[in-house]
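The primary structure of each chain is shown beneath.
Number of protein chains: 2
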Amino acid sequence: MTHLADSIRSIRQMVAAAKAEGKLIGLVPTMGALHVGHARLIQQARQESGFVVASIFVNPLQFGPGEDFEKYPRDLDKDVEKCQSLGVDAVFAPTVEVLYPGTPLTFVEVAKVTEGLCGRFRPGHFRGVTTVVLKLLNIVQPHRAYFGEKDAQQLGAIKRMVIDLDLPVEVIGVPTVREPDGLAMSSRNRYLTPEQRLAAPTLYRALQAAGQTIAAGVRDPAQVRQAALSMLECERQIEPQYVEVVDAELMTPVEIIEKPVRIAAAVWLGSTRLIDNIYCEVK
Amino acid sequence: MTHLADSIRSIRQMVAAAKAEGKLIGLVPTMGALHVGHARLIQQARQESGFVVASIFVNPLQFGPGEDFEKYPRDLDKDVEKCQSLGVDAVFAPTVEVLYPGTPLTFVEVAKVTEGLCGRFRPGHFRGVTTVVLKLLNIVQPHRAYFGEKDAQQLGAIKRMVIDLDLPVEVIGVPTVREPDGLAMSSRNRYLTPEQRLAAPTLYRALQAAGQTIAAGVRDPAQVRQAALSMLECERQIEPQYVEVVDAELMTPVEIIEKPVRIAAAVWLGSTRLIDNIYCEVK
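Chains as they are written, first to last, in the numbering used here: chain A, 1 to 283; chain B, 1 to 283.
Each hint should be verified, as a subset may be incorrect.
What the hints assert, rightly or not - Not close to chain A: a few residues of chain B, all C-beta gaps over 12 Å, as computed: (1) 174; (2) 177; (3) 187; (4) 216; (5) 239.
Claimed, not checked - Not the full set, but computed from the structure, chain B residues with beta-carbon under 10 Å of chain A: (6) 12; (7) 103; (8) 105; (9) 109; (10) 110; (11) 111; (12) 113; (13) 138; (14) 141.
Calculated directly from the structure, the hints in this document are not laboratory data.
All figures in this text were calculated on a predicted structure; none of them were measured in a lab.
Cβ atoms here follow ideal geometry from the backbone N, Cα and C, with glycine treated the same way.
Generate coordinates for the entire structure from the input sequences, incorporating the hints supplied.
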């Protein structure tokens with residue numbers, strides 16, 4: 001039975017009761033519009049925790065002006081149903097007024113990790129992410145929190161925040177789930193027209209092509225980026241925003257590839273912005 | 001018996017053991033050089049908690065270039081002795097390397113509250129304060145944390161941080177303790193020459209004179225400030241940095257005095273900077 005909590009007090013009571021029974025608490029923070037990627041996070045939390053909380057909150061703080069806060073898909077009933085079928089113990093779905101009752105004045109920022117990649121194009125985005133995640137961690141006080149690797153820069157920022165602030169939680173990164181044609185699961189995929197949807201997997205194929213150059217021994221990030229860009233250029237519906245080869249922890253551009261890296265990219269398909277990334281080890 | 005912990009793991013173990021016994025945890029964060037003001041914080045924590053932790057850490061993050069980080073008084077043995085005599089259960093005294101093992105990239109900022117008063121003259125100071133206090137709260141996870149009202153802007157920023165970030169802790173402000181001549185207790189008082197020490201109580205007397213104008217019905221902050229400044233001007237050893245009448249919660253200047261305010265001031269006595277403030281209700 002999945003309990004629904006819409007107040008801080010009620011989710012805290014549920015968690016306290018579970019802790020009193022000696023259960024480990026797993027938190028899966030989401031913005032709702034749950035897809036198979038979220039299901040994967042919840043399944044892993046379910047395996048590793050006695051009590052699983054999924055939060056559903058479209059966080060205004062992480063959307064910039066002109067971004068898709070208003071049109072971001074919301075369907076709480078359907079999301080709660082999915083959570084129920086996945087064995088979630090409690091869904092925490094606060095309103096904006098519950099999570100930000102006054103004007104928020106306090107913000108958490110993670111320097112360096114959030115400065116490149118999406119951070120360059122979405123000023124304030126990661127500040128909004130780390131601030132709301134810190135709030136959710138403080139409210140739920142889980143033992144473990146689960147985030148998808150698709151949002152690798154977000155995951156990197158949260159991992160660093162947890163280390164730097166000595167937060168008593170373990171952050172678990174969960175591999176990206178993909179459609180059969182390679183497109184990374186994302187709530188924003190539903191914005192795509194059928195034609196754009198057909199073109200979208202080129203993003204992942206471009207990242208794979210870039211990854212193959214590293215596997216083949218290329219150590220110059222410019223050459224690796226070019227492999228991705230060349231493939232993206234062949235798809236006229238795609239307009240690349242960035243392709244970068246970054247340090248897998250700090251998410252900063254590398255000058256030479258000698259440690260594990262991520263190849264990360266953002267592209268526009270019409271008015272829809274998609275991101276994806278792959279992890280590359282260096283043999 | 002006061003236990004001394006110099007690692008995060010050891011203080012967490014002590015606190016966990018106390019919590020397992022059902023004890024309430026009280027935290028008194030300090031930078032050491034303990035005086036009667038700190039003793040008052042510890043006494044209140046002692047009355048209200050089953051297990052009292054005092055932290056002693058001179059936090060480099062809250063000192064600006066050219067400030068007194070290097071010369072700030074440090075005497076751990078004497079501080080631990082004082083803690084012992086006051087019934088502190090555990091002293092957490094980490095080194096800089098323990099609290100900042102890598103380059104800190106994550107910072108917490110409280111807008112508005114930290115912008116005026118000392119914030120205007122000490123850029124980065126409050127960011128350092130809120131960041132280290134959040135770390136200490138995450139490490140110790142106390143039920144209550146105690147701070148002196150002498151640092152009213154710091155107290156205001158921490159209270160706001162705790163609200164905004166949903167931290168599961170109660171912040172207690174404890175009234176300023178003063179020398180018989182009115183000088184607020186401060187670790188920096190020991191920097192004063194005998195002559196400066198004689199002049200120093202003028203700071204509090206000036207604040208009192210300003211407070212009396214409010215009690216007498218003055219509602220114009222400029223007039224209230226002037227009462228303090230006039231008295232400060234009579235003491236040639238004192239160079240005022242600021243005198244402000246601010247909202248008692250937001251710590252922002254008020255245009256008219258109609259709610260509780262604080263009158264806050266900072267002055268230089270030679271190379272020593274002293275701050276003080278008083279709370280004024282409006283009848």
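We went through each hint and held it up to the structure:
no., hint, in the structure
1, 174, "22 Å, holds"
2, 177, "29 Å, holds"
3, 187, "25 Å, holds"
4, 216, "34 Å, holds"
5, 239, "32 Å, holds"
6, 12, "8 Å, holds"
7, 103, "8 Å, holds"
8, 105, "5 Å, holds"
9, 109, "6 Å, holds"
10, 110, "5 Å, holds"
11, 111, "5 Å, holds"
12, 113, "6 Å, holds"
13, 138, "5 Å, holds"
14, 141, "7 Å, holds"
When each numbered hint is compared with the structure, no violation occurs for any of them.
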